[in-house]
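Number of protein chains: 4
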Amino acid sequence: MKPRIGVIGASEVNTEEYKTAESVGKEIAKRGGIVICGGMGGVMEAVSKGANTENGLVVGILPGSRAKEANDYIDIPIVTGFGQGRNIIVVSSSEVIIAIGGSFGTLSEISFALRLNTPVIGLNTWNVSEQIIKSQSPLEAVDEAFSLIDSTRRTRMR
Amino acid sequence: MKPRIGVIGASEVNTEEYKTAESVGKEIAKRGGIVICGGMGGVMEAVSKGANTENGLVVGILPGSRAKEANDYIDIPIVTGFGQGRNIIVVSSSEVIIAIGGSFGTLSEISFALRLNTPVIGLNTWNVSEQIIKSQSPLEAVDEAFSLIDSTRRTRMR
Amino acid sequence: MKPRIGVIGASEVNTEEYKTAESVGKEIAKRGGIVICGGMGGVMEAVSKGANTENGLVVGILPGSRAKEANDYIDIPIVTGFGQGRNIIVVSSSEVIIAIGGSFGTLSEISFALRLNTPVIGLNTWNVSEQIIKSQSPLEAVDEAFSLIDSTRRTRMR
Amino acid sequence: MKPRIGVIGASEVNTEEYKTAESVGKEIAKRGGIVICGGMGGVMEAVSKGANTENGLVVGILPGSRAKEANDYIDIPIVTGFGQGRNIIVVSSSEVIIAIGGSFGTLSEISFALRLNTPVIGLNTWNVSEQIIKSQSPLEAVDEAFSLIDSTRRTRMR
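Read top to bottom, the protein sequences are chains A, B, C and D. With our numbering applied, the first sequence covers 1 to 158. With our numbering applied, the second sequence covers 1 to 158. With our numbering applied, the third sequence covers 1 to 158. With our numbering applied, the fourth sequence covers 1 to 158.
Keep in mind that the hints were calculated from the coordinates and are not lab data. Wrong hints could be hidden among the right ones.
In this list, chains with the same sequence are indistinguishable; a pair is considered to hold if it fits within one copy or across any two.
[To be verified] The calculated DSS-like cross-link candidates involving lysine-lysine, where the alpha carbons are at most 27 Å apart (straight line), are:
1. Lys2 to Lys68
2. Lys19 to Lys49
3. Lys2 to Lys134
Make the full structure from the sequences, and use the hints.
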């Protein structure tokens, strides 16, 4: 199975956050990873667009009940109809989480990840636990993500 | 409809937190409120026990798929089978939230409440937003909760 | 814990189905049972109204994200925001199901009940399994429901 | 977006059903469709295996909370942790459903599809509505599925 990286962040973002998320998406796709996201706007759109540019695969786990609510760069819309309840599926389906900025929806996802022992890499995000691995750039964050998946998978094989 | 107050907190607690939660449950029941909680141990059990002592009604929104997993003081078990996904139902079903201490599960609930504009009253809990109303005692917290429900309901009637 | 009886059926009903559901609600309340339903109109409203007349307790497990969407006779709205996904919670939270008429939503609930081995009593409903206990009147259905809960609880105690 | 076809059926199957599901998976993959399924055994495994043989993409929407519970042919595990509650996500995420045999879990999915107006093509499955399009072979079923998606998409574009 290809590595699955969840990318989370607010649906309303500034230009810098948008660019950061876009770069994260590009880097994940370049290395053959699958982007898992919430499928909507802001960070979710930016990371999808970035991955799309590099022919990456993007899964959008949608809150609403229609596939067409997805942003334009989603390859596989998962239509939950569970509203914010879909946040836990974004987290549970990812091997590692990259959090970019974010508001309370993002904080709920970070909380679930920490609760479920899914590693969280933070790019200028909520600072609620020392378990969050702070990263300074998209490249560094994606490097860290692939490295974590690699070591986790190897541990499980033993 | 009777006021519905969600009480959240960790499943593993120290003696002080247990007593605080128990007092919160008693006070809610004395004033005719319904306790909504996650139905399991720790803060959830303590608030249920407190309300039970005063013949209050306690709803436990359970993560698992069996009613018998509920603690001994739950009057109405809601069996979701949705794991931590049930956290959002605890929040959405409550008119106001009282958070007592808590770990990452509690933080996910606080995040959902802030996301959905449900007021959060905190007793020594996560300090992630100025919107959380800090309270110093069970009595003060429950007073504040009923007062908030009262004013919200009146606003909606206008 | 009081017996919890789930009552399911369509949101659009004819006069006869409405009366049947209302009688079922009355009978459950008279015997001290809790009505669990989907909280909306049609059969859900009728059973809630019936129970309400006899001062029974009614839980409405709502598909939407607002408590005020509940019908006028709901005592405890459980706000899921999970759309039709809430159907499984109606079933899982009930010790026995009484199905009255119904369309595809009701069929999904009957299916879940049969899948989870929750007994289903049918009043002129879907005929998809011999496991569905056919009943001829509200009184008979409620008698059967309490009798089933009684024997199930006794079996578990042994 | 590639066509998304949900394939549903029991987790315990006989040899004939397994072969039918495998053929359905192959045909979907040959035409560039994505298989959506429940990710577990029986029909779900067979359709995944078939699609995998033809290098198709397979999404498994899992009931449990671990990706490794997926069958060996899942490319993208969606980890819901929602138990049978995940059935509605299988349906909502698909443009058309092919039902093969099946027990009560499958019936819950057929019910949801009929409730949500998602077309259902049946291969020797539950006969609960005239809306279910009966099909005689895997090839015919997949032909019908692509044809339905094609016409639905064109209608929405107008």
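Hint by hint, here is what the structure shows:
1. Lys2 to Lys68: Close inside one copy (26 Å) and across copies (13 Å); limit 27 Å.
2. Lys19 to Lys49: Within one copy, since 10 Å is at most 27 Å while 39 Å is not.
3. Lys2 to Lys134: within (24 Å within a copy, 37 Å between copies)
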